[in-house]
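Q: Those protein sequence lines, which keep their order, are chains A and B. Numbered per numbering that gives the first Met the number 0, the first sequence finishes at 198, counting up by one with no gaps. Numbered per numbering that gives the first Met the number 0, the second sequence finishes at 198, counting up by one with no gaps.
Since the hints were derived computationally from the structure, they do not count as laboratory data. Heads up, the beta-carbon is just placed ideally off N, CA and C, and yes, glycines get one too. Just so you know, not all the hints are guaranteed correct.
[Stated by the list, open to error] Listed below are the simulated DSS-like cross-link pairs for lysine-lysine, each with C-alpha atoms no more than 27 angstroms apart in a straight line: (1) B:Lys-182 / A:Lys-55; (2) B:Lys-164 / A:Lys-164; (3) B:Lys-123 / A:Lys-164; (4) B:Lys-137 / A:Lys-182; (5) B:Lys-171 / B:Lys-55; (6) B:Lys-123 / B:Lys-93; (7) B:Lys-182 / B:Lys-121; (8) A:Lys-171 / B:Lys-93; (9) A:Lys-116 / A:Lys-55; (10) B:Lys-74 / B:Lys-116; (11) B:Lys-74 / B:Lys-137; (12) B:Lys-171 / A:Lys-164; (13) B:Lys-164 / A:Lys-137; (14) A:Lys-182 / B:Lys-182; (15) A:Lys-116 / A:Lys-137; (16) B:Lys-105 / B:Lys-121; (17) B:Lys-121 / B:Lys-164; (18) B:Lys-121 / B:Lys-91; (19) A:Lys-93 / A:Lys-123; (20) A:Lys-137 / A:Lys-121.
[To be verified] What the simulated footprint calls covered on chain A by chain B, stretch by stretch (three residues with Cβ under 8 angstroms from a Cβ of chain B suffice, anywhere in the stretch; the number is not a length): (21) 92-106; (22) 133-139.
2 protein chains.
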Amino acid sequence: MGKGSRLYFRLVSKSVVLHTTLHNFTMRKLVLSVAMSLDGFIEGPNGEYDWCFIDKDYDFAEFFSRIDTIFVGRKTYEMSSEMEGGPAGFPKFKEYIFSTTLQQVKDGATLIQGDIKSEVTKIKQEEGKDIWLFGGAKLTTSLMNLGLIDELSLAIYPILLCGGKPLFSNIKDRTQLSLVNTKTYSSGIVSLTYNLGQK
Amino acid sequence: MGKGSRLYFRLVSKSVVLHTTLHNFTMRKLVLSVAMSLDGFIEGPNGEYDWCFIDKDYDFAEFFSRIDTIFVGRKTYEMSSEMEGGPAGFPKFKEYIFSTTLQQVKDGATLIQGDIKSEVTKIKQEEGKDIWLFGGAKLTTSLMNLGLIDELSLAIYPILLCGGKPLFSNIKDRTQLSLVNTKTYSSGIVSLTYNLGQK
Numbered sequence: 000m001g002k003g004s005r006l007y008f009r010l011v012s013k014s015v016v017l018h019t020t021l022h023n024f025t026m027r028k029l030v031l032s033v034a035m036s037l038d039g040f041i042e043g044p045n046g047e048y049d050w051c052f053i054d055k056d057y058d059f060a061e062f063f064s065r066i067d068t069i070f071v072g073r074k075t076y077e078m079s080s081e082m083e084g085g086p087a088g089f090p091k092f093k094e095y096i097f098s099t100t101l102q103q104v105k106d107g108a109t110l111i112q113g114d115i116k117s118e119v120t121k122i123k124q125e126e127g128k129d130i131w132l133f134g135g136a137k138l139t140t141s142l143m144n145l146g147l148i149d150e151l152s153l154a155i156y157p158i159l160l161c162g163g164k165p166l167f168s169n170i171k172d173r174t175q176l177s178l179v180n181t182k183t184y185s186s187g188i189v190s191l192t193y194n195l196g197q198k
Numbered sequence: 000m001g002k003g004s005r006l007y008f009r010l011v012s013k014s015v016v017l018h019t020t021l022h023n024f025t026m027r028k029l030v031l032s033v034a035m036s037l038d039g040f041i042e043g044p045n046g047e048y049d050w051c052f053i054d055k056d057y058d059f060a061e062f063f064s065r066i067d068t069i070f071v072g073r074k075t076y077e078m079s080s081e082m083e084g085g086p087a088g089f090p091k092f093k094e095y096i097f098s099t100t101l102q103q104v105k106d107g108a109t110l111i112q113g114d115i116k117s118e119v120t121k122i123k124q125e126e127g128k129d130i131w132l133f134g135g136a137k138l139t140t141s142l143m144n145l146g147l148i149d150e151l152s153l154a155i156y157p158i159l160l161c162g163g164k165p166l167f168s169n170i171k172d173r174t175q176l177s178l179v180n181t182k183t184y185s186s187g188i189v190s191l192t193y194n195l196g197q198k
């Protein structure tokens, strides 16, 4: 499995589909959808993704059908830029790149540099489908601490990595979650979807 | 909720019951059954357990019916000794206390001080029901690293604690798990049960 397809798979998981038919009537949701070990890591101690196998029963199309926009942090943007357009089968999304250091981003993408809270709130209020928080860790922390993430969709892999990069770090406050969906795969992956309350 | 009942509940979760009827024909299993936040903590940053509510749908009796023995680390033993016999409804288990410093333990309990691997293997080979690894963190680490834990039964609470005591720390090797059971509760708790392979 290549670097591109691994990243691609890591960041995709199952989600609730109800919202797809409602997106014109409610504010767009910002969804953090990611693969995680049972002990809460998204990378092993040496940056490993090899534990993150592709489950043949995963329905990528279902998740993609509710998304038309992705949020990408600077590091993830630079990594995915090396993929020459991304892995095969990746739909065309509207991309927002978050960075305090970049001066410009690729054609078609939008650079977000200013007040994240007001910029993201404005995007969420626009008409459209839901938004996928594609990564990475620093952007996730910022958006969590600003209370801007609406949904977590975690694919829990049947492994203890016992170290590495935790999905959540430097989050200021404990966060209550509301479970909205679970799905168990024969491979041993369990998909858990939660709503987050507003701060 | 008192300290005793909190501890009592934290360490109990649902499990697969098949083994109860088979225990005379297979080696006893050592089961780590514990409540954990979605981000992998068993205590908050200041030792909090207040997130660990009691779920009225939890079937304690089912878990207790397959257990007749508990393993307890020194710190957990000293903490539970303050409970004057433990919380109401706690069945009478055979207790093994693991400590390198204690010289004696209460009547009826057995102190394990020597070679943990051979002592635990001997107990697991004895006739009896399964064994509950009651706590705490240091004993869990030792038993994990020796490959002596057979089953994880984790009650995943719908909260991000964002810090505190991780369930697993200082585990030497990544550990592949085999999912055997999931159960979702209306409270938002998800119970995940995994088998561990032998090292």
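Q: Compare the distance between the alpha carbons of B:Lys-137 and A:Lys-182 with 27 angstroms, and conclude whether the hinted pair is satisfied.
A: 33 angstroms, violated
Q: Verify the proposed pairing of B:Lys-121 with B:Lys-91, using a straight-line Cα cut of 27 angstroms.
A: 21 angstroms, holds
Q: Has the given pair, A:Lys-171 with B:Lys-93, been kept, meaning a C-alpha gap of at most 27 angstroms?
A: 42 angstroms, violated
Q: Sort out whether A:Lys-164 lies within 27 angstroms of B:Lys-171, counting only the CA atoms.
A: Between B:Lys-171 and A:Lys-164 the Cα gap is close to 16 angstroms, so the pair holds against 27 angstroms.
Q: At a Cβ distance under 8 angstroms, does chain B reach at least three residues of the segment 133-139 of chain A?
A: With 0 residues closer than 8 angstroms to chain B, the segment 133-139 of chain A misses the three-residue bar; violated.
Q: When you check the alpha-carbon spacing of B:Lys-182 and A:Lys-55, does it fall within 27 angstroms?
A: The hint holds at about 23 angstroms.
Q: Given the proposed pairing of A:Lys-116 with A:Lys-55, does the C-alpha separation stay at or below 27 angstroms?
A: 37 angstroms, violated
Q: Just to be careful, I want the Cα atoms of B:Lys-105 and B:Lys-121 compared with a cutoff of 27 angstroms; is the pair within it?
A: Between B:Lys-105 and B:Lys-121 the Cα gap is close to 22 angstroms, so the pair holds against 27 angstroms.
Q: Below or equal to 27 angstroms on CA atoms is what counts here, so check B:Lys-164 against A:Lys-137.
A: Distance ~22 angstroms between B:Lys-164 and A:Lys-137 Cα, so the pair holds.
Q: Within a Cα-Cα threshold of 27 angstroms, do B:Lys-123 and B:Lys-93 meet the stated pairing?
A: Holds, at roughly 13 angstroms.
Q: Take the C-alpha atoms of B:Lys-164 and A:Lys-164, compute the straight-line distance between them, and say whether it is at most 27 angstroms.
A: Distance ~16 angstroms between B:Lys-164 and A:Lys-164 Cα, so the pair holds.
Q: So if I understand the rule, the pair passes when the alpha-carbon distance is 27 angstroms or less; does A:Lys-182 with B:Lys-182 pass?
A: It holds: about 10 angstroms lies between the C-alpha atoms, which stays within 27 angstroms.
Hint check: violations occur at hints 3, 4, 5, 7, 8, 9, 17, 21 and 22; the rest are consistent with the structure.
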